[in-house]
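Peer 1: Sequence:
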Amino acid sequence: MPYNYVTHDGFKCSFGRFYTKNGVERVDGARLKSIFLPRLTPEANKLLRNVHDFVRGQLQHYGVQYNEKDFSGNGTLLLKKMLQAGRFDKVPDHIEELRSQMHTEWLESLSEKELSGHPEWIMERYFLDTSGSPDPSKTTEVVGFPYHSTSSYSSGQLREAASRVTGLHHATGWGSTQTIYLGWDRDAVEKAAQEHAIKDRQAQQASADSREEVRALKHESYLARAPKRTSPVGQYIIGCEDIESDWPELAENMKLSIRTTPTPGLYQADFNFGVIEGAMMMSGDERTLETFCARSEYNDDSNSEDEDSGDDDDDDEVDEFEASEDDEDNDGEDGQDECFDEMPAVGSKRKGLVKQPRGRPAKKAKAAGPIKFKKLFLRLRSKDTGTGEIHSTPQKGYIKFDGPRFATFTGEASMACIGEGVFFTARKVAATPRPSWDSWDDYSEAAYERARIGRWR
Numbered sequence: 000m001p002y003n004y005v006t007h008d009g010f011k012c013s014f015g016r017f018y019t020k021n022g023v024e025r026v027d028g029a030r031l032k033s034i035f036l037p038r039l040t041p042e043a044n045k046l047l048r049n050v051h052d053f054v055r056g057q058l059q060h061y062g063v064q065y066n067e068k069d070f071s072g073n074g075t076l077l078l079k080k081m082l083q084a085g086r087f088d089k090v091p092d093h094i095e096e097l098r099s100q101m102h103t104e105w106l107e108s109l110s111e112k113e114l115s116g117h118p119e120w121i122m123e124r125y126f127l128d129t130s131g132s133p134d135p136s137k138t139t140e141v142v143g144f145p146y147h148s149t150s151s152y153s154s155g156q157l158r159e160a161a162s163r164v165t166g167l168h169h170a171t172g173w174g175s176t177q178t179i180y181l182g183w184d185r186d187a188v189e190k191a192a193q194e195h196a197i198k199d200r201q202a203q204q205a206s207a208d209s210r211e212e213v214r215a216l217k218h219e220s221y222l223a224r225a226p227k228r229t230s231p232v233g234q235y236i237i238g239c240e241d242i243e244s245d246w247p248e249l250a251e252n253m254k255l256s257i258r259t260t261p262t263p264g265l266y267q268a269d270f271n272f273g274v275i276e277g278a279m280m281m282s283g284d285e286r287t288l289e290t291f292c293a294r295s296e297y298n299d300d301s302n303s304e305d306e307d308s309g310d311d312d313d314d315d316e317v318d319e320f321e322a323s324e325d326d327e328d329n330d331g332e333d334g335q336d337e338c339f340d341e342m343p344a345v346g347s348k349r350k351g352l353v354k355q356p357r358g359r360p361a362k363k364a365k366a367a368g369p370i371k372f373k374k375l376f377l378r379l380r381s382k383d384t385g386t387g388e389i390h391s392t393p394q395k396g397y398i399k400f401d402g403p404r405f406a407t408f409t410g411e412a413s414m415a416c417i418g419e420g421v422f423f424t425a426r427k428v429a430a431t432p433r434p435s436w437d438s439w440d441d442y443s444e445a446a447y448e449r450a451r452i453g454r455w456r
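The sequence shown maps to residues 0 to 456 in numbering that gives the first Met the number 0.
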């Protein structure tokens with residue numbers, strides 16, 4: 000909804016309200032008399048104190064001409080004099096006409112979508128004359144007003160308003176949205192509603208084709224300049240049929256960004272899938288994720304500092320996912336078995352030792368060239384972008400890279416408010432991650448409680 004004003008002749012108008020250029024609204028003349036005569040009431044003093052140029056504003060609204068030398072102080076004496084002379088008994092016709100014209104002009108600046116939440120304004124603009132009576136000559140075409148496909152209250156209000164106008168017909172077209180069509184010709188209204196689904200599918204397909212063209216160009220541009228040595232780290236554009244079909248208006252710019260963490264083999268991804276956003280933790284070893292989540296949950300519950308243990312002996316650790324054509328001569332000396340790595344404590348730069356299995360460490364295998372594909376397990380926390388509700392319980396999933404360049408992957412995860420086993424795809428568009436949006440802790444139980452309390456304030 001635009002917040003611009005329509006301005007003319009020292010007045011401005013918006014949202015059905017009529018002001019002077021200084022923002023003073025008109026007060027009914029009878030009320031002015033009751034609070035200013037014979038003496039000022041507390042209400043009058045409050046208006047004079049809180050509304051800048053209150054008296055000048057009332058004089059302007061009632062078209063009262065005066066000599067500036069007669070205006071002294073806050074203008075109270077002049078106001079009382081004009082009240083006693085009956086100058087505030089009626090608003091001049093030319094000012095009433097100006098108000099009506101400016102209100103109409105403001106309504107005409109709004110789109111059907113902006114008007115959809117205000118059925119009374121829809122009737123005013125399209126179907127009623129200035130007296131509030133039906134006016135078929137005002138709008139001869141069928142007009143459609145879009146609502147979310149699940150809307151019942153707002154769309155129901157428009158249907159009720161249309162039903163109160165004699166001779167006006169309405170019908171609903173269903174597709175990715177519901178659109179209520181209004182008009183004076185019943186057959187034309189019903190035809191528009193019936194054709195809505197076809198036009199909606201065509202529009203959705205055109206939008207999807209355009210979006211895919213842009214995404215493909217971004218991915219191809221990345222491939223053309225991609226570094227020889229690659230890793231999962233970077234920015235990805237996301238495709239998800241479940242989201243694109245149910246929330247097409249939110250699926251235009253789905254994205255995910257992966258970055259490293261201080262823990263070898265553990266990655267964090269920030270994601271925005273339109274209907275939900277949040278953080279993912281990823282690792283090729285599911286035990287690493289379980290340890291991280293358990294430690295994170297413990298920190299949430301105890302709000303205590305992590306214990307200090309272990310030494311910083313992994314400074315030279317090489318990203319275990321790094322792969323290139325030059326890796327054929329790599330004998331594995333740059334890597335460590337991640338089952339025996341020391342994992343930093345959550346939320347701390349200090350490191351806590353991960354419990355090690357007994358027995359000899361597994362023998363390190365020599366690198367045999369580029370990795371064919373890599374599977375990363377994931378845990379995600381999320382927030383519903385519509386309601387703001389945080390889902391702090393980690394949900395499971397995985398991603399599988401399709402080749403050694405980490406340029407594409409497919410994934411599957413459970414996502415709150417979408418469902419179980421949600422399938423998604425990704426194409427890389429940059430080798431460097433975006434600046435971090437949020438952290439894992441921003442979607443914790445404590446964050447959920449803060450958001451829950453904030454919604455009810």
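It should be emphasised that the hints constitute simulated quantities derived from the structure, not laboratory data.
Just so you know, even glycine gets a beta-carbon here, dropped at the ideal spot from N, CA and C.
A couple of the hints might just be wrong.
Across the chosen pairs, the derived CB separations fall in these ranges [what the hints assert, rightly or not]:
#	residue 1	residue 2	range
1	H7	G387	14 to 24 Å
2	E159	S108	46 to 56 Å
3	D437	G116	42 to 52 Å
4	K198	S151	50 to 60 Å
5	K217	W173	42 to 52 Å
6	S151	S435	19 to 29 Å
7	D245	E285	25 to 35 Å
8	H7	K89	13 to 23 Å
9	T6	D88	20 to 30 Å
10	T259	Y297	19 to 29 Å
11	S132	G15	18 to 28 Å
12	E159	A187	14 to 24 Å
Peer 1: If a hint holds in the structure, say so; if it does not, say that too.
Peer 2: Comparing the hints with the structure gives:
1. H7 with G387: 14 to 24 Å: Taking Cβ atoms as reference, H7 and G387 lie about 41 Å apart, which means the hint is violated.
2. E159 with S108: 46 to 56 Å: Distance hint for E159, S108 is violated at roughly 25 Å.
3. D437 with G116: 42 to 52 Å: This hint is violated: roughly 31 Å between Cβ atoms.
4. K198 with S151: 50 to 60 Å: Violated, since K198 and S151 (Cβ atoms, about 23 Å apart) do not stay within the stated range.
5. K217 with W173: 42 to 52 Å: 33 Å, violated
6. S151 with S435: 19 to 29 Å: Since the Cβ atoms of S151 and S435 sit about 39 Å apart, the hinted range of 19 to 29 Å is violated.
7. D245 with E285: 25 to 35 Å: Roughly 30 Å apart at Cβ, these two residues keep to the hinted range, so it holds.
8. H7 with K89: 13 to 23 Å: Holds, since H7 and K89 (Cβ atoms, about 21 Å apart) stay within the stated range.
9. T6 with D88: 20 to 30 Å: Holds, since T6 and D88 (Cβ atoms, about 27 Å apart) stay within the stated range.
10. T259 with Y297: 19 to 29 Å: 23 Å, holds
11. S132 with G15: 18 to 28 Å: Holds, since S132 and G15 (Cβ atoms, about 19 Å apart) stay within the stated range.
12. E159 with A187: 14 to 24 Å: For A187 against E159, whose Cβ atoms are near 22 Å apart, the range 14 to 24 Å holds.
Hint compliance for this structure: hints 1, 2, 3, 4, 5, 6 are not met, and every other hint is.
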